[in-house]
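All chains, full assembly: derive it from the sequences and hints.
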Amino acid sequence: MTTATVEALSPATATRIKPIAHWHDRLSQLLLLGMCLALVVFLLAPLAMILVKSVQDRDGAFVGLQQFRDYFDTPALRQSIVHTLSIAGAVTAITVPLAFSFAYALTRSCMPFKSTLRLVALTPILAPSLLPAISFIQWFGTQGVLKWTLGGASVYGPTGIIISSVYAAFPHALMIVLTALLLADGRLYEAAESLGTPTLRRFFTITLPGAKYGLISAAMVVFSYTVSEFGIPKVIGGNFNVLALDIFKQVIGQQNFNKGAVVSLVLLVPVLVAFVIDSTMQGRLQAQFSSRAVPFAPKPKPAFDVAMLGFCVTVCTLLLAVLGMAIYTSFIKLWPYDKSFSMRHYTFGLVDGGVISAFFNSLEMAFFTALVGTVLIFGGAYLLEKTRGMSALRALIRLLAAIPMGVPGMVLGLGYIFFFNHPDNPLNVLYHGMAILVISTIIHYYTSSHLTAVTALKALDNEFEAVSASLKVPFYKTFFRVTIPVCLPAILDIGRYLFVNAMTTISAVVFLYSPDTKLASLAILNLDDAGEIGAAAAMATLIVAASTTVCVIYAVVTRFLLVRTQAWRRPVTV
Amino acid sequence: MPQAAASKDSYLKLESIRKTFGKFVALKGVGLAVERGELVIFLGPSGCGKTTLLRIVAGLETQDSGSIVQGGRDISRLPAMQRDYGIVFQSYALFPNLSIFDNVAYGLVNRRKGRDEIQRRVSELLKLIGLPDAGRKYPGQLSGGQQQRIALARALATAPGLLLLDEPLSALDAIERVRLRGEIRALQQRLGVTTVMVTHDQEEALSMADRVVVMNHGVIEQIGTPEQIYREPASAFVADFVGKVNVLAAVAEGGGRLRVGRLLLEGAPGAGALSTGARVSLYLRPEDVMINGAAAAMPNTASAKVTKVEFLGAFCHVTVELAGAEEQPLLINMSRHAIDDMKLCPGAALSVGLPPECMRLLV
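Those protein sequences? They're chains A and B, same order as listed. Note that the working numbering has the first sequence beginning at 1, numbered continuously upward. Note that the working numbering has the second sequence beginning at 1001, numbered continuously upward.
Just so you know, these hints were derived from the structure itself, not from any lab. One thing to keep in mind: the hints can contain errors.
To be verified - Straight-line C-alpha distance at most 20 Å; calculated EDC-like pairs for lysine to aspartate or glutamate:
hint: 1; chain 1: B; residue 1: K1013; chain 2: B; residue 2: D1210
hint: 2; chain 1: A; residue 1: K472; chain 2: B; residue 2: E1061
hint: 3; chain 1: A; residue 1: K472; chain 2: B; residue 2: D1084
hint: 4; chain 1: A; residue 1: K18; chain 2: B; residue 2: D1210
hint: 5; chain 1: A; residue 1: K386; chain 2: B; residue 2: E1061
hint: 6; chain 1: A; residue 1: K472; chain 2: B; residue 2: D1074
hint: 7; chain 1: A; residue 1: K18; chain 2: B; residue 2: D1074
What the hints assert, rightly or not - Derived Cβ-Cβ restraints for the label pairs, each shown as a range:
hint: 8; chain 1: B; residue 1: F1021; chain 2: A; residue 2: K212; range: 18 to 26 Å
hint: 9; chain 1: A; residue 1: M390; chain 2: B; residue 2: E1176; range: 36 to 44 Å
hint: 10; chain 1: B; residue 1: G1022; chain 2: A; residue 2: G89; range: 40 to 48 Å
hint: 11; chain 1: A; residue 1: A459; chain 2: B; residue 2: V1363; range: 44 to 52 Å
Said to hold, decoys possible - Here are some of the chain B residues that sit facing chain A, going by a computed Cβ distance under 7 Å:
hint: 12; residue: R1077
hint: 13; residue: A1093
hint: 14; residue: G1107
Bear in mind that the values here come from a model prediction, so they are computed numbers and not experimental data. Glycine included, each C-beta is placed from N, C-alpha and C at the ideal position.
Here's what the structure looks like:
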């Protein structure tokens, strides 16, 4: 009566049981397959085409590494590598300490106005990268108010590129470092204090090591951002050559697509290296995060707090001075001769000049990117995380989803030309349409959005799907009734992120627009080329206004509508 | 008493279930039968395969080989959607954005029941679990124990033939856990629903189950009533895992006698069958050891010296050294009163009796 049935059963003699798949499982697996296919077609295939083109000549004949040899034999092109890396190094060296100090002030001091300062520090995200370039020309350029401070040196060239890039990259670095500092364990500080550790020693033994991964990660993001940036050197770089600009010149200027492919591969190398370091660091940051840390609560120290406030106010003032100059330029008649208020850059420069359509194109593009992108990315992340079967395919999709972060927009855009402009590709109907702009932008910003979705989904109980199955409720019903409502904040966040980036992006789409689908950020480039700096500033201001509007709507929606519909989030009242 | 051997009409029959994860063999060909209306508990340390076995029954994992028959229907290959069970997880897995009412009604709505019928069924269930007024609240507004009751109600709503409980009490605090285990057992008996539960808590298993399935390393060590598991452990693992036990190294001396150290013991069940010189382990529960007066009339008595008294609240652990077997300390459970009466403290002497009928020999 107490014997257990234990049979030795060798796996060789037993035939593995094949479960009967429910059509629900088949459906989710089919969708997953579709997702994988889409990533292959819209990400992997274009990138593969770059590799192919780089070993061919203009006529498509295989020439091996000849293109690369030519490239490295051209001194001007070789110089670009040195330029690009030194500019990126300088921007990283300035931006990361700046962002760290700012984040340190936000997390470790008791200064007032923290949330306002934080908000102002993130404003550069709302602007296209061309905005700081235009603004710095107004401040320090040939007609600049502060030109004399440079003492004869020109802002056009490395100086302009560096300060503009610092402005544009600052919020990205700030967010990463801020997260790292917020994760610090307050108990470590309490332990140090009880041991009588001096403040400076606490900083070097606790704060800095704790933020280490965040700092490295921020450095890598800033580095690859600067390396990939194309708009800033185009506007304020003068004759200073960088890799991203070389690609543009080879492809658009000389129509030498194969040389462009070679340069883009050269550009890909530093970005990929930074990307690999960054993802390693992000992994370690997450590992720190999972421990049960007690948040650090700073204590008031008047002298320190005032110093930190002074620093942050200075940084914010500078940031607002950049943004403000661009807006100001758009509203005056003619810098620096006639500074009277005028709407002519908007009315005459944009509307009468026929350029305003670019702004509406951008709105349309951003709207569809946000809508389609959010649905596809969140839906894809759901299928990946919450359904079962086909584990090999899942691993492949995870890998593909991580790639876009390591691919500069210029490279992606060039790959799209090669792949979708190919006469034999049935998908070339997409080329020159709005669809290709939307698709390339979704892919370009896929990784961050995907990670946001995955994080939100992982926070859900793993057994929701199992419970649903036991109750005979189809998985898609639970997806709509439970998963989406609970993840709504993350979904809205993804939508906002995609919208703002679609409004400001320039690198991937510069190769893909047609006269009918010209975008606002590209119009800025052309206006600037034509010397219409007032109209360019006006367009940049419109982009900032649109991005800001969406962010405000997002904030209002999350605060009011969510609080109302998500009563369940309210604190426990037992 | 339920029969362990699979009778023809056992409600749930598992046969030769084998499951591997890569190189790791989680289940090495496990078989058992659960009778209609019975509460069977899988008990074992973490990694023993108990949860995997439950998930295989639920269709959330697929066994490599082996068959499952539930209510006469072969469900070995069926997806979870087509099996008939309700399940409760350790994490409750309540839908946070749905009210308690909607949570409990979740499976009913899908069966196209009328609104009135759903309303009636949900309030009936909420009454059954003792939370009749919780319907409009959200899971986050209830305590852990209340949430687990709701999860139970949700699992029972569609009147499934089988109830699966995956460590349902592990996330609760000690008091709530004891209260809820009584409630779950009472509810299960009232409804007569066949239930399989997984736990690593032996007290939970012994107090709730009709039968306990003790598992270790992907193998069933023993199936039996709580009484049998505790009193007649089939293996050293079961004896060790369930309850506290003294393990004494003994040598068979022939004629049914055993030697522990220099001490000769008589009458242990099964000792007569051992060949002289065979080494065995003698298992004896701490509460079965007799002391002083009670020990006087016993065959196996020895004088002992107290080395340690450990206060545990309701009772105490007294560690003694037996004269003649000093190197194998013996643990005895005693009440606080008994210790006070005898003024036991380290160094005190007492006489100890080892009742042969309570001994268990395992190789």
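Evaluation of the provided hints:
1. K1013/B with D1210/B: holds, 16 Å
2. K472/A with E1061/B: holds, 17 Å
3. K472/A with D1084/B: holds, 9 Å
4. K18/A with D1210/B: With a Cα-Cα distance of about 33 Å, the restraint between K18/A and D1210/B is violated, given a limit of 20 Å.
5. K386/A with E1061/B: holds, 14 Å
6. K472/A with D1074/B: holds, 18 Å
7. K18/A with D1074/B: Distance of about 14 Å is within 20 Å: holds.
8. F1021/B with K212/A: 18 to 26 Å: violated, 35 Å
9. M390/A with E1176/B: 36 to 44 Å: Holds, at about 41 Å.
10. G1022/B with G89/A: 40 to 48 Å: holds, 45 Å
11. A459/A with V1363/B: 44 to 52 Å: holds, 51 Å
12. R1077: holds, 5 Å
13. A1093: holds, 4 Å
14. G1107: With a minimum Cβ separation of about 3 Å from chain A (threshold 7 Å), the hint on G1107/B holds.
Hint violations for this structure: numbers 4 and 8, all remaining hints satisfied.
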